[in-house]
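Number of protein chains: 2
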Amino acid sequence: MSECLFCRIIAGDIPADKIYEDEEVLAFKDIAPKAPLHVLVVPKKHIASLEDLEEGDAPLLGRLQVVLRDIAREQGVAASGYRIILNCGKDAGQVVFHIHYHLLGGSPGLNLD
Amino acid sequence: MSECLFCRIIAGDIPADKIYEDEEVLAFKDIAPKAPLHVLVVPKKHIASLEDLEEGDAPLLGRLQVVLRDIAREQGVAASGYRIILNCGKDAGQVVFHIHYHLLGGSPGLNLD
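Residue numbers (the working numbering), protein chains in the order written: chain A, 1 to 113; chain B, 1 to 113.
Calculated directly from the structure, the hints in this document are not laboratory data. It should be emphasised that the depicted structure is a prediction, and the values quoted were computed from it without experimental measurement. One should not assume that every hint holds.
You can't tell identical chains apart in this list, so a pair holds if it fits in one copy or across any two.
[Stated by the list, open to error] In silico DSS-like pairs for lysine-lysine, Cα to Cα no more than 25 Å straight-line:
1) K90 with K44
2) K18 with K34
3) K90 with K34
4) K29 with K18
Next comes chain A alone, as it looks inside the complex (with noise of 0.2 Å):
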């Protein structure tokens, strides 16, 4: 069983509020939600962060900034305003080492912290 609670998300062994699903791609409500709308958007794929990229990522990467747009239209954020937050390593909070787009809405001042 892997030690990644994202991955463990994804398998189905942990239980969270799923809003979207394909086959590349899982999104599902942050459990300490900073906005009235707060969403992470994963790749099913374990990448950690960033930093741990492989060549060919980078497309896979692209279509989670479309699927971000199309949640924030499908959750009704779209014409108030989002922010997407991405935390890369320790001075910015990454908690969980497996890719996750924060998706903020629905309120003005959208931080994480």
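Please build the complex by placing chain B on the supplied structure of chain A, with the hints as guidance.
Frame of chain A, contents of chain B only:
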């Protein structure tokens, strides 16, 4: 002449502290830095926001993630960590309507406002 500030920087009409440039991407220092390292990474193609993506733009956004990673390394914040932020629309405080990823690093607590 374009009315877009970042298009004018790309065209060379307005000076900027450029730190990386290739055929598709330009990176330059934010004039009002919110962290010891605060760089803006933009596509040279004018895309107002994620809401204005066209079919086929996704790979370009994927490439931007790799450029962000490379700049973080080159600027010496890869080991300490960095945060990437993309603002879309009013609630996120997007001011210039030309997609720009903020790269923040060099200290803990990396927020825009």
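Hints and how they fare:
1. K90 with K44: The answer is within: 23 Å in one copy meets 25 Å, while 31 Å across copies does not.
2. K18 with K34: For K18 and K34, only the intra-copy Cα distance (17 Å) is at most 25 Å; the inter-copy one is 34 Å.
3. K90 with K34: So K90 and K34 pass the 25 Å test inside a copy (19 Å) and across (18 Å) alike.
4. K29 with K18: within (7 Å within a copy, 37 Å between copies)
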